[in-house]
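K.L.:
Given the sequences, and given the hints that come with them, work out the whole structure.
Number of protein chains: 2
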Amino acid sequence: MQFEITKESIQEIQQLIAENNNTSLLHLLSEVHHADIAEIIEEIEIDEAIFLIKLLESDVTSEVIAELDEDTREKVLRGLSSKEIAEEIDELDTDDAADIISELSEQQKKEVISHLEDEEHAKEIVELLRYDEDTAGGLMAKELVKVNENWNVLTCVKEMRAQAEDVSRVHSIYVVDDNDILKGRLSLKDLLTTSTRTAIKDVFIKQVDSVNVNDDAEDVAKIMQKYDLEAIPVVDEMGRLVGRITIDDIVDVIIEEAEKDYQMAAGISQDVEADDTIWELTKARLPWLVLALFGGFVSVSILGGFSEAMESYPVLFFFTPLIAAMAGNVGVQSSAIIVQGLANDSLRGSAWNRLLKEVSQSLINGFVLAALLMSAGMFFLGFELKVGITVAVSLVSVIIIASIIGTFVPILLDKRGIDPALATGPFITTSNDILGILIYFSIAKLILGF
Amino acid sequence: MQFEITKESIQEIQQLIAENNNTSLLHLLSEVHHADIAEIIEEIEIDEAIFLIKLLESDVTSEVIAELDEDTREKVLRGLSSKEIAEEIDELDTDDAADIISELSEQQKKEVISHLEDEEHAKEIVELLRYDEDTAGGLMAKELVKVNENWNVLTCVKEMRAQAEDVSRVHSIYVVDDNDILKGRLSLKDLLTTSTRTAIKDVFIKQVDSVNVNDDAEDVAKIMQKYDLEAIPVVDEMGRLVGRITIDDIVDVIIEEAEKDYQMAAGISQDVEADDTIWELTKARLPWLVLALFGGFVSVSILGGFSEAMESYPVLFFFTPLIAAMAGNVGVQSSAIIVQGLANDSLRGSAWNRLLKEVSQSLINGFVLAALLMSAGMFFLGFELKVGITVAVSLVSVIIIASIIGTFVPILLDKRGIDPALATGPFITTSNDILGILIYFSIAKLILGF
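Here the protein sequences come in this chain order: A and B.
Mapping to the numbering used here: the first sequence position 320 is 326, numbers consecutive.
Mapping to the numbering used here: the second sequence position 259 is 265, numbers consecutive.
It should be emphasised that the hints constitute simulated quantities derived from the structure, not laboratory data.
Among the hints, erroneous ones may be present.
Since the list gives no way to pick out one identical chain from another, each pair is judged satisfied if it fits inside one copy or across any two copies.
As the list claims (entries may be wrong) - No more than 30 angstroms apart at the CA atoms, straight line, and that leaves these computed lysine-lysine pairs for DSSO-like:
| # | residue 1 | residue 2 |
| --- | --- | --- |
| 1 | LYS13 | LYS212 |
| 2 | LYS232 | LYS152 |
| 3 | LYS129 | LYS115 |
| 4 | LYS89 | LYS232 |
| 5 | LYS228 | LYS81 |
| 6 | LYS207 | LYS164 |
P.N.:
Dropping the structure here:
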């Protein structure tokens with residue numbers, strides 16, 4: 007059913023482009039979904055991509071351009087004139103149009119907007135450009151179906167048909183008053199089953215969820231997900247209907263957010279993909295490694311400070327990576343659970359309960375691991391009891407402290423408005439490494455007295 | 007607009023339950039969305055929850071039960087008789103109904119099904135129970151609007167109205183032939199604007215995406231996301247229309263998948279939440295810590311094997327946590343990028359190119375970090391040049407090797423059908439720790455010759 011994107015089909019397309027065989031290309035791609043054409047574009051050279059974009063109809067290519075990776079899109083658009091870009095924008099819904107225009111330079115923005123055909127469309131796009139991309143306003147489209155509460159069903163159906171021309175999918179019909187204030191919604195079903203002379207006032211549903219134009223995109227995602235909404239109307243500060251957000255845009259927000267958290271946990275700042283340039287990837291990765299390196303220096307100094315132990319208990323130094331690793335692992339586990347709880351609002355109960363739970367869990371984990379360590383250490387590695395006890399006591403303490411830090415750092419970050427996912431990355435591993443080693447050698451000094 | 011769930015509102019509800027004040031409770035909750043009632047239920051005691059469920063109308067409580075966390079739902083259902091559960095199930099769409107019934111014991115399953123009112127509904131639920139929950143069949147609902155290609159628009163509208171009674175949201179009207187084979191779809195818009203005597207055959211759209219009932223849920227999610235679909239029909243091996251999947255179920259699949267990857271990266275197996283019991287959390291966390299502990303033993307042995315270096319170059323042992331941490335961090339970064347590339351199908355180009363890219367990046371990172379290390383180490387920590395060179399060379403080698411492993415382990419796991427996200431967790435950190443230490447001391451031995 008879907009066009010199969012294989013090495014061969016890509017090569018065939020590239021061959022046809024090289025031959026300037028427009029007829030075959032048009033025929034081959036006529037039935038292909040724009041999302042698939044976008045995938046093809048990502049695979050071929052930019053020159054070839056621009057050739058294809060210019061060849062195909064703009065009602066298809068506009069959607070293709072909207073689907074592209076930002077990097078690829080930038081390169082492709084560089085190959086088009088402002089007029090050509092405007093022709094693509096003309097075909098797009100306002101939200102996609104605004105997204106693309108916002109990526110252009112100030113100069114080009116003006117040029118493209120001045121070339122737009124439909125003035126109403128242009129005005130709406132310009133309005134959308136005002137909103138921050140992480141807000142409801144940045145996500146919404148102006149395309150929607152709205153009716154006046156003072157109309158009757160007949161007028162309503164007529165008006166709807168005209169409006170529906172511009173709207174690819176009708177989710178809800180919104181009802182507004184003469185001042186454009188959102189009053190409620192109308193179900194298609196009711197509209198189909200009511201007499202045509204009934205006043206809209208008498209049939210519409212007064213309960214309608216809506217979000218404010220300045221609401222955070224993530225909050226909009228949470229609301230739509232919680233209430234299983236497929237579209238939500240957006241109102242301004244005066245309650246006037248200014249746009250609507252559909253679930254497909256929310257799916258993108260959810261995926262982006264999840265990817266960001268995951269990357270953060272892996273010590274990758276910025277949004278990168280495997281196919282970004284080496285330079286972009288390095289920029290996203292190196293800062294965290296530098297942080298980890300400096301953390302490493304601190305542990306070198308701490309170990310240096312305990313160097314007198316080397317003569318009497320050299321074996322202690324063999325255990326430092328083990329202690330550090332356990333501290334890091336436990337810390338990341340604890341903070342990941344908190345970060346996820348914060349993300350899906352499932353974190354309940356007081357901080358005190360949370361602490362108690364974390365400590366009890368750490369005690370269980372700590373004792374099991376300490377017992378394993380003692381038995382393995384003494385039977386297989388053959389070190390003396392005093393050292394065994396030292397390492398075991400350190401292990402339990404380190405696990406408890408790492409889990410407490412792992413629990414509270416993300417909560418603290420979140421309270422200060424910083425993304426708590428930051429806490430699951432190299433940041434927590436590195437600080438737990440350091441703390442773990444410090445605790446370990448302090449306990450060792452106390453017990454063994456070197 | 008939405009009911010505000012606060013400590014106070016929860017306490018008020020608990021107070022009313024304690025007083026058996028049914029009138030006030032019903033009044034207070036009459037306008038509250040079922041998703042909010044589900045959140046209230048999660049906050050209060052199970053006895054109170056069961057009281058509320060029995061008090062409210064089953065058209066509301068059925069949706070509430072479908073929204074609950076699996077754990078809470080299990081406890082709540084334990085407080086209801088099979089007949090009472092059946093009454094709730096009667097109100098639900100087949101997909102939610104099947105999900106809930108599948109969580110019951112075999113005995114209770116039979117009892118609940120035997121109490122279902124509508125035999126057609128019961129049959130459909132039983133059919134859905136056959137499918138694995140991770141397949142299209144496990145996600146789909148039987149509620150959909152379908153018309154026969156041999157009807158005309160008038161019959162179609164009549165039939166649709168009858169069918170639409172059972173379907174909460176009409177996304178598409180599916181067209182089938184006499185054998186129930188999916189032939190295409192019909193847009194509501196066309197239906198509204200075509201003469202009533204036109205044959206469906208002449209107006210329906212023949213292109214329709216569909217998935218097979220056995221397709222993987224994750225693949226369905228990818229298709230719906232790629233093509234921005236809000237619903238997709240599901241067909242069986244013979245091409246017969248058997249159900250449809252809506253985007254809200256797919257949003258849940260996407261979120262679950264992202265949470266699983268994130269937890270895996272943090273060393274948490276199984277799906278746990280901050281509010282699970284200590285025992286469940288320990289079960290999810292301890293195995294990884296045991297793995298890390300055994301990894302730690304291996305590094306203890308390796309370090310023990312190089313103990314002769316302690317006399318001449320004790321400072322080498324101060325650097326082990328630093329080297330191990332760098333190996334772990336780099337490895338996790340590399341595999342996270344691959345895991346994400348695999349998840350969103352953006353991984354392109356040959357393995358050879360990927361290797362080249364990873365090595366070039368590691369060289370850049372490695373040299374920057376080694377330069378930092380050399381300067382900091384020699385100026386501030388004051389160790390001799392030979393040691394500085396040893397640590398620097400080791401650092402670069404460890405970074406390169408860790409990144410190669412980080413790149414190829416997830417690719418390999420994926421090829422063998424194992425979740426590649428496994429590679430970003432403690433598994434890769436632990437093995438990179440070990441390898442890093444081994445490389446470090448081997449290089450040290452080579453350069454310093456102890």
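K.L.:
All hints are to be evaluated individually against the structure, with a verdict given for each.
P.N.:
Each hint tested on the structure:
| no. | hint | in the structure |
| --- | --- | --- |
| 1 | LYS13 x LYS212 | between (54 angstroms within a copy, 28 angstroms between copies) |
| 2 | LYS232 x LYS152 | both (25 angstroms within a copy, 29 angstroms between copies) |
| 3 | LYS129 x LYS115 | within (13 angstroms within a copy, 58 angstroms between copies) |
| 4 | LYS89 x LYS232 | between (43 angstroms within a copy, 29 angstroms between copies) |
| 5 | LYS228 x LYS81 | between (34 angstroms within a copy, 26 angstroms between copies) |
| 6 | LYS207 x LYS164 | both (17 angstroms within a copy, 26 angstroms between copies) |
The structure shown violates none of the earlier numbered hints.
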